[in-house]
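Visitor: Sequence:
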Amino acid sequence: MVLSHLVELSETQTIYRSSIQDVTNTSYHRHFIELVEDPDVFSGSQDGAFNVSADGFYFGSTTSDNSISQLRTVSTSPDVSFDLTFDLSASILFNGGLGGLFQWGGSQTAEWAMTSGYTSGSIIRDGQSIEFDPERSFTWYDRQWLYGDASALNWTWFQLHTDSSRDGPGEKYSIWIYGGDVDQHQFATFHSSKRVDTVLAVKSFEPFGEPWQSSVTNNTYEQHWKLILQDDTMLTIDSIHGDQEIFSGTAGAYEGFVEFHGFDSLNRTIEGFGLVEITPV
5 MVLSHLVELS
15 ETQTIYRSSI
25 QDVTNTSYHR
35 HFIELVEDPD
45 VFSGSQDGAF
55 NVSADGFYFG
65 STTSDNSISQ
75 LRTVSTSPDV
85 SFDLTFDLSA
95 SILFNGGLGG
105 LFQWGGSQTA
115 EWAMTSGYTS
125 GSIIRDGQSI
135 EFDPERSFTW
145 YDRQWLYGDA
155 SALNWTWFQL
165 HTDSSRDGPG
175 EKYSIWIYGG
185 DVDQHQFATF
195 HSSKRVDTVL
205 AVKSFEPFGE
215 PWQSSVTNNT
225 YEQHWKLILQ
235 DDTMLTIDSI
245 HGDQEIFSGT
255 AGAYEGFVEF
265 HGFDSLNRTI
275 EGFGLVEITP
285 V
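All the letters of the sequence shown, read from the start, carry residue numbers 5 to 285 under our numbering.
The hints are simulated quantities; they were obtained by calculation from the structure and are not laboratory data. Every residue, glycine too, gets a C-beta built ideally from N, C-alpha and C. Heads up, some of the hints might be wrong.
[What the hints assert, rightly or not] Simulated DEER-style distance windows between Cβ atoms:
#1 Y151 / D235: 40 to 48 Å
#2 E41 / T240: 39 to 47 Å
#3 D187 / L92: 33 to 41 Å
Generate the whole structure from the sequences, applying the supplied hints.
Guide: Shown next as structure tokens:
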């Protein structure tokens with residue numbers, strides 16, 4: 005698995021995070037974080053265009069009109085080196101079933117994902133270039149933007165991919181658990197292999213086991229979770245590594261690779277992999 009992530013912290017600060025995780029040998033994990041202090045880093049990403057670059061990375065369009073129909077992401081860090089191109093060629097998952105805003109604590113946010121775009125390129129591992137097989141590779145491309153202040157929010161978000169061997173393209177879950185106002189909110193958007201979105205309440209969300217504590221920020225991050233959805237889908241999710249924190253210099257958050265297993269609404273065994281994002285209280 006490869007992660008390439010941009011987060012705009014303020015008008016002058018942006019964090020870039022890249023990671024590589026071997027899913028066949030989970031002991032192999034590398035990550036790279038850079039804090040970019042440049043008010044113009046998004047100057048090439050206006051009016052539908054997308055081009056962001058700084059020392060060590062690039063994320064943006066490959067097309068002459070700078071559209072997002074095809075994107076390229078590059079990391080040249082010695083620890084995390086890759087060059088990937090992917091098409092926005094798959095169906096769209098709308099979080100909450102909405103194409104627009106939904107309430108997010110005291111603010112509003114919008115989020116959509118292209119869950120399985122056609123992907124090509126290569127990564128460098130231990131000095132050797134490994135080419136992607138486009139017929140067996142895909143990219144989840146996620147965009148979220150916010151109207152208001154998220155600083156009072158705490159959240160856990162999961163991006164999950166089920167094994168695709170059972171029935172065509174794998175099924176996807178985008179699962180939100182967040183607080184910060186009066187109540188905690190939790191829902192899942194399920195994207196079926198037939199490209200239909202279903203929004204489900206999260207009936208139960210229970211962290212368990214030992215959390216991981218950062219020696220840098222002193223933040224504590226849960227590592228294991230049990231979820232039950234409205235349709236009685238049951239998932240057990242486990243972080244693959246403890247140390248997957250993002251640190252901006254003033255605050256910390258967590259973005260880590262996960263594995264999961266469980267049972268779907270028809271009591272069939274499911275398993276897969278994905279990502280968790282945690283912002284503590």
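Visitor: Now look at each hint and say whether the structure bears it out.
Guide: Against the structure, the hints come out as follows:
1. As the Cβ distance of Y151 to D235 is approximately 31 Å, the hint placing it in 40 to 48 Å is violated.
2. For the hinted restraint 39 to 47 Å between E41 and T240, the CB-CB distance of approximately 40 Å keeps it satisfied.
3. The hinted range of 33 to 41 Å is satisfied by D187 and L92, whose Cβ atoms lie roughly 35 Å apart.
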